[in-house]
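Undergrad: Chains A and B, in that order, are what the protein sequence lines are. All residue numbers for the first sequence refer to our numbering, where the first residue is 404 and numbers rise by one. All residue numbers for the second sequence refer to our numbering, where the first residue is 404 and numbers rise by one.
A pair holds if it fits inside one copy or across any two, identical chains being indistinguishable in the list.
Derived lysine-lysine pairs resembling BS3-like cross-links, with alpha carbons at most 27 Å apart:
| no. | residue 1 | residue 2 |
| --- | --- | --- |
| 1 | Lys-558 | Lys-501 |
| 2 | Lys-534 | Lys-632 |
| 3 | Lys-558 | Lys-491 |
| 4 | Lys-513 | Lys-501 |
| 5 | Lys-491 | Lys-452 |
Keep in mind the hints are simulated off the structure, nothing from the lab.
Protein chains: 2
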Amino acid sequence: MGVFLDLFAGKTVERPPFWFMRQAGRYMAEYRAVRAEVGDFLDLCYSPKKATEVTLQPIQRFGMDAAIIFSDILVVPHALGSAVHFEKGEGPRVEPVKNGADIARLDESKMPGKLAPVYEAIAATRASLPKDIALIGFAGAPWTLACYMLEGRGKTDFSTARRAAYTTPSLLAALIGVLSSAVVEHLCAQVEAGADALQLFDTWAGLVPVSQREALITGPARAVIAEVKRRHPQVPIIAFPKGLGLDLPHYAQSTQADGLSVDMQTDITSLNVACVLQGNLDPLLLASSREGTLREATRLREAMAGTRFVFNLGHGIVPDTPVEHVTALSELLLQKVA
Amino acid sequence: MGVFLDLFAGKTVERPPFWFMRQAGRYMAEYRAVRAEVGDFLDLCYSPKKATEVTLQPIQRFGMDAAIIFSDILVVPHALGSAVHFEKGEGPRVEPVKNGADIARLDESKMPGKLAPVYEAIAATRASLPKDIALIGFAGAPWTLACYMLEGRGKTDFSTARRAAYTTPSLLAALIGVLSSAVVEHLCAQVEAGADALQLFDTWAGLVPVSQREALITGPARAVIAEVKRRHPQVPIIAFPKGLGLDLPHYAQSTQADGLSVDMQTDITSLNVACVLQGNLDPLLLASSREGTLREATRLREAMAGTRFVFNLGHGIVPDTPVEHVTALSELLLQKVA
Numbered sequence: 404m405g406v407f408l409d410l411f412a413g414k415t416v417e418r419p420p421f422w423f424m425r426q427a428g429r430y431m432a433e434y435r436a437v438r439a440e441v442g443d444f445l446d447l448c449y450s451p452k453k454a455t456e457v458t459l460q461p462i463q464r465f466g467m468d469a470a471i472i473f474s475d476i477l478v479v480p481h482a483l484g485s486a487v488h489f490e491k492g493e494g495p496r497v498e499p500v501k502n503g504a505d506i507a508r509l510d511e512s513k514m515p516g517k518l519a520p521v522y523e524a525i526a527a528t529r530a531s532l533p534k535d536i537a538l539i540g541f542a543g544a545p546w547t548l549a550c551y552m553l554e555g556r557g558k559t560d561f562s563t564a565r566r567a568a569y570t571t572p573s574l575l576a577a578l579i580g581v582l583s584s585a586v587v588e589h590l591c592a593q594v595e596a597g598a599d600a601l602q603l604f605d606t607w608a609g610l611v612p613v614s615q616r617e618a619l620i621t622g623p624a625r626a627v628i629a630e631v632k633r634r635h636p637q638v639p640i641i642a643f644p645k646g647l648g649l650d651l652p653h654y655a656q657s658t659q660a661d662g663l664s665v666d667m668q669t670d671i672t673s674l675n676v677a678c679v680l681q682g683n684l685d686p687l688l689l690a691s692s693r694e695g696t697l698r699e700a701t702r703l704r705e706a707m708a709g710t711r712f713v714f715n716l717g718h719g720i721v722p723d724t725p726v727e728h729v730t731a732l733s734e735l736l737l738q739k740v741a
Numbered sequence: 404m405g406v407f408l409d410l411f412a413g414k415t416v417e418r419p420p421f422w423f424m425r426q427a428g429r430y431m432a433e434y435r436a437v438r439a440e441v442g443d444f445l446d447l448c449y450s451p452k453k454a455t456e457v458t459l460q461p462i463q464r465f466g467m468d469a470a471i472i473f474s475d476i477l478v479v480p481h482a483l484g485s486a487v488h489f490e491k492g493e494g495p496r497v498e499p500v501k502n503g504a505d506i507a508r509l510d511e512s513k514m515p516g517k518l519a520p521v522y523e524a525i526a527a528t529r530a531s532l533p534k535d536i537a538l539i540g541f542a543g544a545p546w547t548l549a550c551y552m553l554e555g556r557g558k559t560d561f562s563t564a565r566r567a568a569y570t571t572p573s574l575l576a577a578l579i580g581v582l583s584s585a586v587v588e589h590l591c592a593q594v595e596a597g598a599d600a601l602q603l604f605d606t607w608a609g610l611v612p613v614s615q616r617e618a619l620i621t622g623p624a625r626a627v628i629a630e631v632k633r634r635h636p637q638v639p640i641i642a643f644p645k646g647l648g649l650d651l652p653h654y655a656q657s658t659q660a661d662g663l664s665v666d667m668q669t670d671i672t673s674l675n676v677a678c679v680l681q682g683n684l685d686p687l688l689l690a691s692s693r694e695g696t697l698r699e700a701t702r703l704r705e706a707m708a709g710t711r712f713v714f715n716l717g718h719g720i721v722p723d724t725p726v727e728h729v730t731a732l733s734e735l736l737l738q739k740v741a
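Working from the sequences, and respecting the hints, build out all of it.
TA: Next comes the structure, spelled out in structure tokens:
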């Protein structure tokens with residue numbers, strides 16, 4: 404095992420492991436070349452060969468300690484039967500869920516078949532990756548998936564989804580239930596295909612009022628994590644409930660996640676948790692300044708010394724990030740801590 | 404004085420005072436009628452007669468304890484010389500600030516003249532309002548104004564503004580400095596025209612990483628509040644740094660604001676502060692459910708009993724809010740607490 408899995412196994416590591424959210428992406432020319440070969444973005448996710456290729460690209464170029472399978476959180480609604488497509492520059496469009504009949508039509512039974520290409524990509528990637536590089540599978544958390552499914556699109560304040568908590572709470576609860584089950588199946592299938600660790604992305608957790616957080620965020624995460632752990636107790640699960648700020652320790656304790664990914668707005672050094680912390684360099688700093696990035700990365704590693712820490716960003720790499728910034732940061736992070 | 408100013412003066416009040424952010428707005432037919440008489444949204448802000456009329460409308464209909472002058476945070480950049488207009492359904496557009504020359508062109512000297520109609524509206528509103536209803540003046544905080552000025556528009560993640568902290572920190576600092584001075588002048592002029600209290604809106608505070616929060620959020624708020632208090636020590640100042648979550652107590656202590664407005668994502672009952680707390684019913688609940696609103700309002704008043712509390716929303720009233728929900732909520736809030 405490499406430093407990433409060693410850290411989660413409680414072993415001493417010579418430096419913090421690192422990987423970057425959206426490390427396979429548009430900022431890399433070799434990614435753009437593969438992307439140009441397919442039409443819709445989902446075609447890339449569903450091509451095992453191409454998804455494997457782009458998953459491996461950043462590892463080959465930068466040497467991160469973990470690869471994350473190239474996929475999208477919206478493959479779950481898609482595999483449940485929702486129409487999903489990506490408008491150029493407009494973000495995702497999802498066939499909106501409007502009533503109980505729409506939820507009843509969501510069909511988990513076809514999911515394994517529809518997502519087979521993702522699992523194939525995971526198997527192929529795991530076979531190609533060096534043993535000491537971990538492979539991370541992932542899924543969107545139920546609330547974040549529900550946001551897209553109720554709203555029908557991204558790049559919005561998700562007020563349709565947020566209102567559903569007041570206007571149609573039982574519909575929202577039913578959708579969260581369906582999605583929780585589907586997310587468990589998708590995460591477990593990724594482990595069975597070869598994923599060594601999992602990340603659960605709750606990108607829109609911060610939109611939820613505290614009074615609804617147990618029902619929509621913490622409870623579903625706890626249930627998903629418990630069931631995945633029951634089936635695969637050895638696989639570390641990192642949760643990323645973006646926007647919870649100083650409430651993260653409560654979430655961590657309540658969900659029993661093995662790791663917590665922290666956004667760049669939060670002071671990661673101030674969080675008192677028992678689990679691994681992951682984060683949280685600002686991707687806009689990485690895009691903006693090589694020197695600033697190296698300075699902040701050094702500060703962050705020093706501040707987190709002595710803790711169980713995975714170096715990452717606070718959110719995904721942005722498309723106009725200079726590749727040489729990622730190279731310089733990776734070279735720094737590959738150095739052992741003195 | 405009425406309950407609103409009594410509360411800030413430290414007197415015992417028979418019930419929590421209440422007002423609602425964006426209480427004058429599109430959800431009211433009488434507002435839409437006035438709005439239809441003018442072309443650009445700013446024309447409404449700059450018509451003393453019409454701005455007065457719409458400011459008074461919700462007081463006449465619902466009986467809130469405070470009116471907030473009908474205006475917009477972008478009148479400050481506009482009065483400094485930036486072109487500002489509002490695209491229908493697209494949010495505001497502001498001539499982008501790109502370099503030092505753009506900042507040098509911002510001219511505070513013309514601000515009092517350009518904003519004279521706002522001050523006229525304040526004087527006229529104060530003259531028309533019953534003595535026991537407070538009149539609130541307001542401004543956008545420097546960071547939030549800088550967001551629009553650097554980005555050139557709203558409805559975005561303000562990544563241009565957030566990047567400026569890394570790519571052109573001295574330009575951003577200069578802009579924050581210019582805006583801090585202009586905000587002080589605008590707030591003080593509103594007091595001199597008749598405003599009884601002030602609110603400082605830092606709508607995009609939550610986007611700023613903690614490491615930059617002192618420079619961009621807390622420091623400027625502290626400076627603005629200190630200078631306004633030096634000139635007008637009797638006028639309560641409420642700050643609304645949206646998105647700070649459980650870090651609000653630090654902000655409150657550091658800025659010495661008299662009141663803190665709390666967004667709906669935060670548990671207002673968990674904040675331990677010396678100042679007044681204001682908030683934080685979810686405007687989407689108000690839009691969605693009359694019964695849910697009354698239940699939650701009752702819970703909130705009970706939970707805040709014994710504290711210095713102004714009932715408000717966690718953000719502005721949304722346009723499709725049924726007027727009868729606002730009526731029912733206001734009737735509840737006008738009742739004395741047993």
